[in-house]
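Listed here are the chains, written in short residue letters.
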Amino acid sequence: MTDVPLLRARGITKAFSGIMAVQHVDAVVAEGERVGLIGPNGAGKTTFFNCLLGVIPTDQGVVEIDGVDVSGLPVHHRSKRGIGRTFQRIELFAEATVREHLLIAERTRRADGRLWKDLIGRGRPTVDEIERCDRILELLGLVELAEQPSEHLSLGQGRLLEVGRALMTEPRLLLLDEPSSGLDHEETVDLARTLRDAQADRGFAVLLVEHDVEFVADFTDRCLVLDAGKLIAEGPTGQVLASDAVREAYLGTAGAAS
Amino acid sequence: MLLGASAGSDLLRALIQGTPAGTVYALLALGLVLTYKTSGVFNLALGAQAYVSAALYFQARVTWGWGIVPSLLVSVFLLAPAIGWVLERFVFRHLRTASAVAKLVVTIGLAVALPALFDLVVGFQSIAGQTPVGIVPGGATVFYDPFGVYALSRNELTAVAVAALAMAGLAGLFRYTTVGLHMRAVVESPRMTELNGIRADRVSSFSWALSSFFAGLAGVLIAPRFNTLAAPDFFNLVVIAVAAAAIGMLVSLPRTLAGGLGLGLLIAVFQTFLPRWSDSWPWLNTVRQNITPAMPFVVLFAVLVFWPAIRRSRAASDPLAGVDPPPPALASLSRSRGLTVATRAFAVVFLTITGLTVFFRADASWTFVVTQAVILSLIFLSITVITGLAGEISLCQGTFAAVGAFASFQLVNHMGMSVLVAALVGAVIASAVGALLSLPVLRLGGIWLSIATLAFAYFFDSVMVKFSWVGGGQKALEEGTRLPRPTLGPFNMNDNRTFLVLSIVLLVVVAFAVVRIREGTIGQTLRALRGSELGAQSIGISPARARVTAFAISAFIAGLGGALLAIHQQNVNYSSNFSPFASLFWLVLVVSLGARTVEGAMQAGAAFGLFDAVLLKGAIFGWILRSPERIPSFFPLSPTWTYVLFGLGALQFARHPEGLVESGKRRSTEKVEQWWAARHQGVEPAEQAAEPAEPGVIS
Ligand SMILES: Nc1ncnc2c1ncn2[C@@H]1O[C@H](COP(=O)(O)OP(=O)(O)OP(=O)(O)O)[C@@H](O)[C@H]1O
Ligand SMILES: [Mg+2]
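Just so you know, the sequences run in chain order S and P.
If you use our numbering, the first sequence corresponds to residues 1 to 258, in order.
If you use our numbering, the second sequence corresponds to residues 1001 to 1699, in order.
Since the hints were made in silico from the structure, they are not lab data.
All C-beta atoms in this analysis are idealised placements derived from N, C-alpha and C, irrespective of residue type, glycine included.
Be aware that one or more of the hints could be misleading.
Output of the computed footprint for chain P on chain S, the stretches with three or more beta carbons under 8 Å from beta carbons of chain P [unchecked claim]:
{"#": "1", "stretch": "87-99"}
{"#": "2", "stretch": "163-172"}
Computed beta-carbon distance windows for the label pairs [to be verified]:
{"#": "3", "chain 1": "S", "residue 1": "GLY182", "chain 2": "P", "residue 2": "PHE1512", "range": "52 to 58 Å"}
{"#": "4", "chain 1": "P", "residue 1": "PRO1275", "chain 2": "S", "residue 2": "ASP69", "range": "49 to 55 Å"}
{"#": "5", "chain 1": "P", "residue 1": "SER1365", "chain 2": "S", "residue 2": "ARG89", "range": "55 to 61 Å"}
{"#": "6", "chain 1": "S", "residue 1": "VAL143", "chain 2": "P", "residue 2": "GLU1519", "range": "22 to 28 Å"}
{"#": "7", "chain 1": "P", "residue 1": "VAL1509", "chain 2": "S", "residue 2": "ASP190", "range": "30 to 36 Å"}
{"#": "8", "chain 1": "P", "residue 1": "SER1668", "chain 2": "S", "residue 2": "ASP190", "range": "53 to 59 Å"}
{"#": "9", "chain 1": "P", "residue 1": "LEU1436", "chain 2": "S", "residue 2": "GLY182", "range": "20 to 26 Å"}
One chain only, chain S, in its complex shape (with noise of 0.2 Å):
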């Protein structure tokens, strides 16, 4: 009991008009812990991301970071505090370089924004704040782009640059919803990879919903599965995706598939 997880969620519950999206669902996430969260097509893993964050309001259920409850707060106080984010659409800014993407995230980190200093003039990204944000750049191979507007990357780099803008406000829980779609196989290995490297520097604890099951058997540690918004296994990665209720729920339609 002495030991407060980063992020507890309990019993969170999302219907929409009827449809049980989440059910019960229960999770714990330590300090620096890489978990996969996997379920088929509409498990209700993304709806379960944006109960943790606040995105939706969720029917029941307690969101608990550092052992405070959160469950009232809006997103951006929970960003706040340590949980950075990915979309499975991703959510750039529309006419915003990489870079500035980067150094609004900073700013927005050291909430020093203040009318006044921008009309001194000091509202323009001091040398501190670039180089940060150079190194985030660095670590994920995003150096050439930084003056691309957004709207010329291609997924694979705006995905990197979702988690380069989630890192700038230096997560200790880091979501990432899907990283892996729309991307082909080698793009996918160069993303895990990148990823990899980066959640090796940071130290950061990461919660990964993923199909690739490759993906996810090498990048996590540990591992839920969802299905039909419900948690219906828990345990090691391996174990987990070795399991038949898993299989039959999960890897059946997915094996299928692919």
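Dock chain P with the ligands against chain S, hints included.
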């Protein structure tokens, strides 16, 4: 206690009295919902459409002396559906994928342009005090009193009957005809259409024609209630319809109908009972005097802010969202470096030359006009902040400006404050009002936010201004809302040129501040939010906080400009400067020229201030031909042209959200660049392609 013994019959009387208006509101509201559901357009021009039919009917009956039937046929059965059809076919069909807010701006442009265009084409002039005629003989003179409590005029009875008939017709159409069935399918679920292969184009053409027909009918039916046939009254009608539609949540036709009827009744009930309540509570008196006109706005505002379902419908505010690809962002403003530099250089040169010319050569009236343009540019920078940076369409910028103007008027006259200090304090007060307003309104987002600001503008217009601590009350009616020009050290601003210099200095300072804000943290934060609200929140940006800041800054600028304008005219001149309609027109003007840049605001200011004097009065020909006598005789043109031109200019907004001038410039920059590239590749050896690309960039 408050209701006396006769309360029962009073209530009955109020209900009877409210029914005619209620049915007509319901008719309009249905028209609004029809187009909204079938094409995602929230048609604020519906009132203008109603006006056009009513005015044509009036013109035909009274001026041309036609009979009732031909007048009705032409105005309601021909013109009205034709307008709807044309609007759909040539404007809105091409905007299917535009964002809901962009479509809203287009309809605002139409609301401004349509009545003006009609007046010009038909040569219609409303005659003050001449009550519009109804559609039955003896409409205003024959009365019926079925229950012995209130006598309905024949006009009113006809309105109820015809409106009820039209609604029954709609119900029948939905039930028994194919196109009606299809329409209902679309209204109930826009997704269905695409899936079932229903021809969406045909359905939406038909809906537009029908909606416009309803509007025309409503216009003709309600016209006899007004003393004078004037476009603004009809715009008010559409606000009522919006309130009714909001009660129907923009989805349910029966609830919309009930909403319209209910509003009519509610207004009548208040009219009946408020006088008694205000005997008990005297402060209600001012409210009472203005409650009738203000009622719809109060209801609309209350519905928007307190009805939880509207807030939840936020995500679903565009019914076509699931059908079409996601709309493009409101505007992209990635200018090339060269274009920025060229623009700035050109602006400096142009402003310097104009400034010097005006300063040394112009007479008093030209100085006045140019000063006006400068101050309006300053006010328009407030739209650059709220619309250009924050991406919100606010329809109450004129109200913020009025708050600044009235506040400085009060401070100077009652507290003896120095004028310039008062203008600053006025701006701060406006800023506080803006921030306060934004708190409830921001949760709405998108289209509803714009509608709520519109409701606020009308509320201020019909209630707040009447309070003596705002608008000066009776005394102001007699003496005007006077404000003196300031004296600043050795500079006496009673001299128009000195005041012009002051205005320019303030404009430059504010423009500079806006650029700084745009490039600083606040601007970047707002840009992130505009780009992706989800993404912005995920990195810890608080949308509410950023937008409240934007509202406060924008209202500050508007308030400062409003105060300055009042000082310039030495009078607040509320109704000619700051009416809700002015807010609409400002918005239309700025977005059609370019809401994203400081330059766009200045062009809009120049257009607003100078268009009339330079183009419509033909002064420009006088300059070109070097003699005022040689101005062609068809000048001066009617100032109404301004509304037509800029209203129609707003049609471009959905396709060129960055503004007409900006998009023109970008296109020519691209052309120059292409030409340059072609020249350099094609004629590589011959190195004489050294002509500067600059002229093309500037044009
Ligand atoms: N906003 C919404 N409104 C209504 N239903 C929704 C909404 N969002 C999700 N759902 C439904 O909830 C269920 C869970 O959806 P969710 O997107 O969470 O699944 P997922 O596991 O992320 O699936 P995928 O692997 O396809 O991303 C689905 O049946 C979906 O249709
Ligand atoms: Mg998902």
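ask   = Between SER1365(P) and ARG89(S), does the beta-carbon spacing fit 55 to 61 Å?
value = holds (58 Å)
* **Range hint compliance [Cβ, LEU1436(P) to GLY182(S), 20 to 26 Å]** => violated (45 Å)
- Please test the hint of 30 to 36 Å on the beta carbon pair from VAL1509(P) and ASP190(S). violated (51 Å)
* To do: Using the beta carbons of SER1668(P) and ASP190(S), state whether their distance is inside 53 to 59 Å or not.
  => Violated, at about 42 Å.
For the pair VAL143(S) and GLU1519(P), does the Cβ-Cβ distance stay inside 22 to 28 Å? Given a distance of about 24 Å, which is inside 22 to 28 Å, the answer is holds.
Examine the stretch 87-99 of chain S for residues whose CB is less than 8 Å from any CB of chain P, and state whether their number is three or more. Satisfied; 7 residues make the cut.
Subject >> Verdict on chain P covering the stretch 163-172 of chain S, where coverage means 3 or more residues with a C-beta closer than 8 Å >> reply: holds (count 4)
*Taking the CB of PRO1275(P) and the CB of ASP69(S), does the distance hold inside 49 to 55 Å?*
53 Å Cβ-Cβ, so the 49 to 55 Å window holds.
Range hint 52 to 58 Å (beta carbons of GLY182(S) and PHE1512(P)) holds or violated
Given a distance of about 44 Å, which is not inside 52 to 58 Å, the answer is violated.
Going down the numbered hints, you'll see the structure goes against 3, 7, 8, 9, while the others check out.
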